[in-house]
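Enquirer: Following the hints, put chain B in place on chain A, whose structure we already have.
Chains as they are written, first to last, in the working numbering: chain A, 1 to 531; chain B, 1 to 531.
Keep in mind the hints are simulated off the structure, nothing from the lab.
You can trust all of the hints, since none of them are fake.
For chains that are exact copies, the list does not tell them apart, and a pair is met inside one copy or across any two.
Think about it this way: if two alpha-carbon atoms lie no more than 25 Å apart in a straight line, the pair counts; the simulated DSS-like pairs of lysine-lysine are: (1) K243 x K349; (2) K408 x K360; (3) K473 x K65; (4) K473 x K441; (5) K72 x K243; (6) K423 x K65; (7) K243 x K81; (8) K441 x K72; (9) K360 x K349; (10) K205 x K527; (11) K441 x K65; (12) K483 x K527; (13) K131 x K104; (14) K368 x K423; (15) K156 x K104.
Note that the coordinates shown come from a computational prediction; the quantities given were computed from them, not determined experimentally.
Residues per chain, in single letters:
Protein chains: 2
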Amino acid sequence: MNGENEQTEVPLGPDGKPLSKKAQKKQQRDAEKAAKKAERAAKTAAEAEVQEADDHAQDRYGMSKMIQSQEKLDRQMCRVKDLDLSKAKQTVWIRARVHTSRSKGKQCFLVLRQQHYNVQGLVAVGDIASKAMVKFAANISKESIVDVEGVVMEAKVESCTQKDVELHVHRIYVISSSEPQLPLQLDDAVRPITEEDEEAGPTVKQDTRLDHRIIDLRTTTSQAIFRLEAQVCQLFRETLNAKGFVEIHTPKMIGAASEGGANVFEMGYFKSKAYLAQSPQLYKQMAIASDFDRVWTIGSVFRAEDSNTHRHLTEFIGLDVEMAFNYHYHEVIDVIGDMFVQIFKGLQKRCVEEIAVVGKQYPCEPFKFLDPALRLEYHEGIRMLQEAGFEIGFDDDLSTPAEKLLGKLVKAKYDTDFFVLDKYPLEVRPFYTMPDPHNSKLSNSYDMFMRGEEILSGAQRIHDPELLIERAKVHGVGLESIKPYIDSFRYGAPPHGGGGIGLERVTMLFLGLDNIRKTSLFPRDPKRLTP
Amino acid sequence: MNGENEQTEVPLGPDGKPLSKKAQKKQQRDAEKAAKKAERAAKTAAEAEVQEADDHAQDRYGMSKMIQSQEKLDRQMCRVKDLDLSKAKQTVWIRARVHTSRSKGKQCFLVLRQQHYNVQGLVAVGDIASKAMVKFAANISKESIVDVEGVVMEAKVESCTQKDVELHVHRIYVISSSEPQLPLQLDDAVRPITEEDEEAGPTVKQDTRLDHRIIDLRTTTSQAIFRLEAQVCQLFRETLNAKGFVEIHTPKMIGAASEGGANVFEMGYFKSKAYLAQSPQLYKQMAIASDFDRVWTIGSVFRAEDSNTHRHLTEFIGLDVEMAFNYHYHEVIDVIGDMFVQIFKGLQKRCVEEIAVVGKQYPCEPFKFLDPALRLEYHEGIRMLQEAGFEIGFDDDLSTPAEKLLGKLVKAKYDTDFFVLDKYPLEVRPFYTMPDPHNSKLSNSYDMFMRGEEILSGAQRIHDPELLIERAKVHGVGLESIKPYIDSFRYGAPPHGGGGIGLERVTMLFLGLDNIRKTSLFPRDPKRLTP
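The following block holds chain A by itself, in its conformation from the complex:
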């Protein structure tokens, strides 16, 4: 999966569509340019040595020794995002990547990047910079990391995030140089896919991105996605902690395939076997039986499911919630529903910039939700589908197309991208789901949806060991493998419920992205275990 030549091998655009002639040509031109640039860089280095003797700027640029903590420098580094008119005429140091460099006569323009911020740098032949220094700057390979000393000057630079200033470079040293030929171009990687306009330029297909994930993650879009994803977790924690929840950690290696044998990864465990937990389900319930009252956990979840879709991963991050309640599991739905409302509100407040950055490449309607969250019953959902001409019965499980359509119908009727679907048929839910007290075909269970895709599955759980045994038998679950779990309800257990959320799905659907691989840092699917 590390085909570094993949991009040049077959001239395909994203999603495997062949590139237009023009785009192909541009791609080729880019590659040629990069090669020439590398050649020039080598030549320049050689020339520089010759010229050194009569170079008045010779101490002002060069390749730095590898930083091995040789010395402690008392140098204040400035952040690129802080470069604005308030710093005009000040001399500052920054460490940044060379996003692009372009020479023009006796000048060299650099775009210096720090995460999703960038500023223009200017090296111009004169009292400070020499011709050799300009040449040196022009030949620094893209993505190299440089230390730059410069004076902040007023300027109008529309193409950078720091629009009001540029940096007049007085010193520039390469701290870590990039190989001249990149496996993918950052500018290509953030280009929106516009089917109408093939002139726009090449884009990068998903597998190339993932093979060279560390470059793809540097784009403004990726930086924004993962900073927003971190906020999803942060808001999840803040909201639940404020509601009296406690963080716990549950084991991933378990002695028995306790949630059913299918889709579970098996591993060696010293002289015996173990399995990777498909969820923290049983353990978070045991924490409730252990008097933790309300718990949450964030951790890896493993599914040995051979599903190669836009929304399945073999390893993802589960945000799990479980709580004791008093009399009715809607107490749980209320807590989780409000938690989602707080997450959505928080994201729209804290991540304005991130949402805008991602929207530039992947345009999408802003995420809509109601407060309090909308709760529909399963049979209402089925009826909406039937009325829309979709063939489905009241006891059937929802297929992916049914979920998608229901999401659209609910959006049209209630103007919300988020809703709770309550009271699923008992038959389609796991053995530990509490049956409905009034209708033996139904259960006290629910899913939650964002833009028509399931992001949480939850229920009231059975807290009575005898009923649990009865239901496990109906589902054909081996009692021996779940003995410690069942036993944990023998010494008094409060009624309780909860749910499990897929983090990457929440991020994907909040931002309206098309593939879960975009929201997993190093995604795992049946065909991908690297990088």
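Expert: Chain B alone, transformed into the frame defined by chain A:
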């Protein structure tokens, strides 16, 4: 490992020491009492039916139907910890466990528990309660969950956490009843081990606790331990987020045993193989190469190490930190050192109650630290050991006894339980450790210690691909297996460093506990995969 009879089988105290005669007798008496109580409960239930006809309180007590969300009750439940004089004479509802029940003439005294809080309940024959109701209350098995309506009355109850009030019970219903015979007694499980005083009563040995973990977790000590552990994570996050770090999630299933083949769990991955990550090391570094600048991650870490000690687990929670720095890796030590100081300060401020509760069972000196944290160089540590008569050379790795002794020497000299040991010999560190620039035998690496045990290992990492390859070869690490990792430094990478912390060790050592199994919710070791 689910031997419910284990405790009665061999009369051993904790750590396998045989119980004294007196303690043995007490244990036997307890078991007999419980059995008799169960018998009585069954008898009473039968009697109750007979008596029902002339029972004026017959609606005021009984077994509740299993709560299946039959109805939504608009009943305000009070928390036990909120029961004090401010509520005197008020009628309240609580849901709690019956910690103990004891009848005395026409009265029954209950201790009603909610996590680590408890209050006394009183059922007395009179206008409200009947003789049958008192009998019913007296026979509720320990650990059952009850709903109680009662009037808060002024009282002096030294043995409960709510000392100023008791609850005069008007109604009592069993919500979830416990089996009458518990696999371990909560009072035994919180009893301090006092070698001098065998009269104190039986304690519970570790394996019995772990086999019946959900009971053991209900003790005041366990509740306090895990609430404090949650605060360790919370303070870790707060401190790092305030310093500009971003949360990331790294894959646990990896394609190659990239940190060395020993001690790694192997698993099936569809038609191929995978390994469980021994740390997020390589991935957090790749996040730095991807411009995330400063990252942290909390997640499960797996070690297939056949170590059966007080401080090794096969699965634990890693708190990992990685950051780019400017010129010297001491920038990293300063950040991590200060982070620990903030964690210690935060725990001592927020967890006063938890520390006190744990200290009752496991007495221990309060944790001491300096601000800023003490940093010693490795050779200074070796010299202190040598001066104390310990045989060790400057190039030797520290053994566990050496670490323990050094901890004591440092405590005696500097009065701190926490310190950083810097500049380890290169030879004893992993291949990706940056060599010292001035002394080829040393490295830019450090460990951090709490009470003489290592809780963090960290270093400046090599960010130059050529040096990385050279060092991997020296260590005999297969280059093919780490190609994606090495390649991630080819396109510009900032100097960076970090460290990995074992959560359970931090909790254990902060509280001065003797075994890491006490600070892991459901611990995993070479011999234990359940519950």
